Every structure is written in structure tokens, then in C-alpha cells.
Amino acid sequence: MDDLKLYANDRESQKQQIRTLNKLSNNIGLNINNKKCATLNTNNDENPVLGFPLITKNESYKYLGITQNDLTDLTSLENKLTIKILEILTEVNRLNLPLRFVTKLIANTLKLMIEYLATDMIFGESRNQRINVGMINLGIYAYISTDPKTNILTKYLGYKYDPLTIDNRLRTSIEDSIYLLNKMGITTDTIRNNSSIKITINSEEANIKLIKGLISDKILENNKNELTKSKYYKIFNRYKLDNHTYKFLTTNINSNLEQLICHAQEKQLFFENKFCRMKCPNKETLEHILTSCIHKDTIRRLRHDNVLRLITTIFFTKLGIRTLEYGEKLTFIPSKNLYIDWAWKKAQVKSHKPDLVYLPLHPNKPLIILDVSIANLDNITNQEKWKFTKYCTNSNIEFTDDWLLAGYYLADYLRKKFNRKTEFLPVVVGFLGELMEESIQNVNKTLELTTKEANQLWTNINISVIRDTYRLLKQHYGKINH
Numbered sequence: 001m002d003d004l005k006l007y008a009n010d011r012e013s014q015k016q017q018i019r020t021l022n023k024l025s026n027n028i029g030l031n032i033n034n035k036k037c038a039t040l041n042t043n044n045d046e047n048p049v050l051g052f053p054l055i056t057k058n059e060s061y062k063y064l065g066i067t068q069n070d071l072t073d074l075t076s077l078e079n080k081l082t083i084k085i086l087e088i089l090t091e092v093n094r095l096n097l098p099l100r101f102v103t104k105l106i107a108n109t110l111k112l113m114i115e116y117l118a119t120d121m122i123f124g125e126s127r128n129q130r131i132n133v134g135m136i137n138l139g140i141y142a143y144i145s146t147d148p149k150t151n152i153l154t155k156y157l158g159y160k161y162d163p164l165t166i167d168n169r170l171r172t173s174i175e176d177s178i179y180l181l182n183k184m185g186i187t188t189d190t191i192r193n194n195s196s197i198k199i200t201i202n203s204e205e206a207n208i209k210l211i212k213g214l215i216s217d218k219i220l221e222n223n224k225n226e227l228t229k230s231k232y233y234k235i236f237n238r239y240k241l242d243n244h245t246y247k248f249l250t251t252n253i254n255s256n257l258e259q260l261i262c263h264a265q266e267k268q269l270f271f272e273n274k275f276c277r278m279k280c281p282n283k284e285t286l287e288h289i290l291t292s293c294i295h296k297d298t299i300r301r302l303r304h305d306n307v308l309r310l311i312t313t314i315f316f317t318k319l320g321i322r323t324l325e326y327g328e329k330l331t332f333i334p335s336k337n338l339y340i341d342w343a344w345k346k347a348q349v350k351s352h353k354p355d356l357v358y359l360p361l362h363p364n365k366p367l368i369i370l371d372v373s374i375a376n377l378d379n380i381t382n383q384e385k386w387k388f389t390k391y392c393t394n395s396n397i398e399f400t401d402d403w404l405l406a407g408y409y410l411a412d413y414l415r416k417k418f419n420r421k422t423e424f425l426p427v428v429v430g431f432l433g434e435l436m437e438e439s440i441q442n443v444n445k446t447l448e449l450t451t452k453e454a455n456q457l458w459t460n461i462n463i464s465v466i467r468d469t470y471r472l473l474k475q476h477y478g479k480i481n482h
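Residues 1 to 482 (UniProt numbering) make up the sequence shown, in order.
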């Protein structure tokens, strides 16, 4: 066991806690890794307590966002926090919202309220202002949500005192958003007269779309800043990941999903079983569950196909073809020279079925061979090389063979068949939604994607892969164990 934090008001209390913990852990055979644990107290004593390192007063505790000097009696803090949460819930109840709205609101915003109030209470603020700001934050949270029912709540949650007119009234979602933007450090200009309010941001008149984009970008920036504090940041940073890797953190798709994926990305998921609980001969590791466990092959294939569907949609849009409905089977469009999951059997090679082959109508543009794969982060580059070898060096070779051995390959067959240069595009995504910056730039350039098209494509791919990975983990462990 590691990452243990013990709280106490004095050194003796800490010693008592540690002794009790050691006694309990010894009884169940649990080993405590002292080097990866820490104690935190309000005294200036910087000596270790029974071998446990002490967090110094200059270090921050990122989970609560407080320093050692700010730490007070946690029991008292918990009681105060409970009271304030009840005050806000009472305020929500006073609005007389439909029951289903209240349920959805609490489910999506209670964690946000607690995090905000826990930090805010330590640094102090008046009761009314605290409740008002809490309500505004809930309104903004509902406003930027991608869930339609949560989004409807926006108009109910702008209730606060107007600082200019001291008029207690229902404010618009734009005004509340402006309030939050100012708190986030984004400068706005407000011009008021008797009949109207004009708000500008960087000389551009504010609208819902502009504000939503700024808030989303700011949330992404904050999450990336938090990521840099992670002890695994250096590991992640060396892979040169694209910013879209973290897009799922800005979409409010599922708080449990976000928490699980973040733990997995930081290598903080641990498994009780030595071998796969599905009776596979392999060890139960994250990589095995998400890439090779045969019992969950259907979900993994669906995860792959969903990525291919998103990429195919880009081609359909550019070619003026009707976009497929959800669940509608992917198919080839010979009239548009678009071949999806097409078997080129006449090539007489083992690897003759890439995910997509596209022959542009313009004769000077190269034929595109595209293949999708979902892999462990450490294997993304390796997978890209393997796919290039499989289609552009030797299409009769197996993964375990000597890759340097050249031979007849599919790209050469297609080049001769269509009398066109060929270009191979591997699209390899990490099973936790990781996207390599260089790979994305290569795909964007080859497919001639606009900035808007690229942002939409990679955001959707990131969220799609993470959702299917989350489903895979839940089904592997079952509802009880999850």
C-alpha cells in the first residue's frame, strides 16, 4: 500500500495513528511502503514520524488544494462543510425545479460544490457570497454541460445579487458566464444603459458560442496545469502527446469515467488477481484486459470500429455522401472510389484487408491506405511501424517474423492496379485515449482537414475510445467489483 496520508493535530496523535495502522496491517498481511506515504501536521517540526516522511509547510496537498499552514481541525471543517452543503441544497430546493431536474443537478454538480466550498471555507468568505458564487458555478456547470437535460437547468441557476443595481433578480446565462470568465482571468468589457447590456471580449461581442469556447479552453488549460503536478507527468511528457488526449476532461461525460481513466493514465490501477479472472493464462494487467483478453474481444472490436466510423464520416462529408446513422453498417462506395474493410484477394498476400482505401478523383493525388489500431501507449509507435511493414514492405509477413525481410506487399499491388502513387496512414490510438502529436499532424495534412474538422475528429475519437475502454473495464470486473 502506498500514497497514504495521515492527518492529526499533533505529533503524538500521529504516532498513535501509525501504530494502530501498523497493528491492523500486520494482522492482515498488508505491507505499508513508508517511502511513498506522508504525514501532515500544523507544527513546525520537520522530523519524520516513525519513519514516515513529513510534508513540509511549503508543499501543497493537491487533492484539497491547501498548504500545511491552512490545515485546521478536520472534524470541525467537515461539520461546517456539511452545513454549507445543506444551505446550498436548500437554496436549490427553494427554486421549485422539477424533480428530475433537481436529481440531475445534484448528480452532476454535488462533487463540484464540495470541492469549491472545501477550498473556499479555508480561506474564508461571507456566507451569502459563498452561496451566491456556488449557485453561479452550478449554473455555469449546467451551461457548459453536453448533457441536454443538465443544460436546460442553466436558466434556473443564475440567481444572485446584481452587484451594480443591488437588485435581486434572475440573471441571464451570458451574464453569469461573464462573471465566471472574470474570475477565471478572462477580461470582459460591459457597457450598460437603461435598456440594454453589451458585453465584449477582446473587442468581439459576447455570445453563447464564444463564451462556451473560452470556458472550455480554460478548463482544459487548468486540467493540463494540474496534470503537470502529477508524479507521472514526466513519463507522459516524453511521448509528446497531442492536447486532444485530455479532451475528455472538458466534456462532463461521466465523473466516474474521468476518475477511473485518470487513475489508469497515472498507473494507479492495481489488480488483486495474479492471473486473468476470465481464466486466461495471462497475468491480469491493464494492458491484457484492454488489448488481448479474448473474453472481451467484441467490445474491443467495437472500439476499433467506432474510430473507423468517425474517420469514415470525414470522407463521407467531403464526398457529399449521406452520413451513416448510429448502428448502420459501414460499407464501400465504389462510385466514389472509397473501399471500407475491402478484401483485395487478387493481390494474393496475407495482409490484404486494410480498414480503408481511398482513391481521390484528382489524378495527381496519391491513393490513401488507412488502418486503425488501439494499443498500449508504449506500443503506439511500434504499432505504426508494424502496420507500415504489413502493407508497404511485406504483406506476407507475420508479426513475430523478421520485419526487415522485404517482399511483395499490398501497396505495390494497388499502385500498379490504379497507376497511382500510394500513401499509408496508420491511425493508432492509445487504449486510454492517448493521441501522438506527430501522428495527428500527419493525418490532418494527408486528409487536408480544416482546423474545425480536425478538432471535431480527434475530440470524438478521444471520447469514443475512452468510453469503450470504460465499458470494457466495467464488464471485466462486473458491477459488484467495479
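None of these hints come from the bench; they were simulated from the model. Nothing here was measured: the structure is a model prediction, and the numbers come from that model. Fair warning: there could be bad hints in the mix.
To be verified - List of simulated lysine-lysine pairs, DSSO-like, C-alpha gap at most 27 Å:
| hint | residue 1 | residue 2 |
| --- | --- | --- |
| 1 | Lys416 | Lys345 |
| 2 | Lys296 | Lys283 |
| 3 | Lys240 | Lys267 |
| 4 | Lys365 | Lys336 |
| 5 | Lys417 | Lys385 |
| 6 | Lys345 | Lys421 |
| 7 | Lys296 | Lys318 |
| 8 | Lys283 | Lys350 |
| 9 | Lys267 | Lys353 |
- Lys296 and Lys283: Cα distance at most 27 Å? holds (15 Å)
- Query: Are the Cα atoms of Lys283 and Lys350 separated by 27 Å or less?
  - Reply: violated (30 Å)
So if I understand the rule, the pair passes when the alpha-carbon distance is 27 Å or less; does Lys345 with Lys421 pass? With Cα atoms ~20 Å apart, Lys345 and Lys421 stay inside 27 Å; holds.
Restraint status (C-alpha distance of Lys417 to Lys385 at most 27 Å): Satisfied, since the Cα-Cα distance of roughly 25 Å is no more than 27 Å.
Worksheet item: Going straight from one Cα to the other, do Lys240 and Lys267 come out at no more than 27 Å?
Response: Given pair Lys240, Lys267 holds - Cα atoms ~18 Å apart, limit 27 Å.
(message) So if I understand the rule, the pair passes when the alpha-carbon distance is 27 Å or less; does Lys296 with Lys318 pass?
(response) violated (34 Å)
Are the Cα atoms of Lys267 and Lys353 separated by 27 Å or less?
-> violated (35 Å)
* Asked: Is Lys416 within 27 Å of Lys345, Cα to Cα?
  -> Within the cut-off at roughly 15 Å; holds.
message: Does Lys336 sit within 27 Å of Lys365, going by the straight-line distance between their CA atoms?
response: Status holds; Cα separation ~15 Å.
In summary, the numbered hints that this structure violates are 7, 8, 9.
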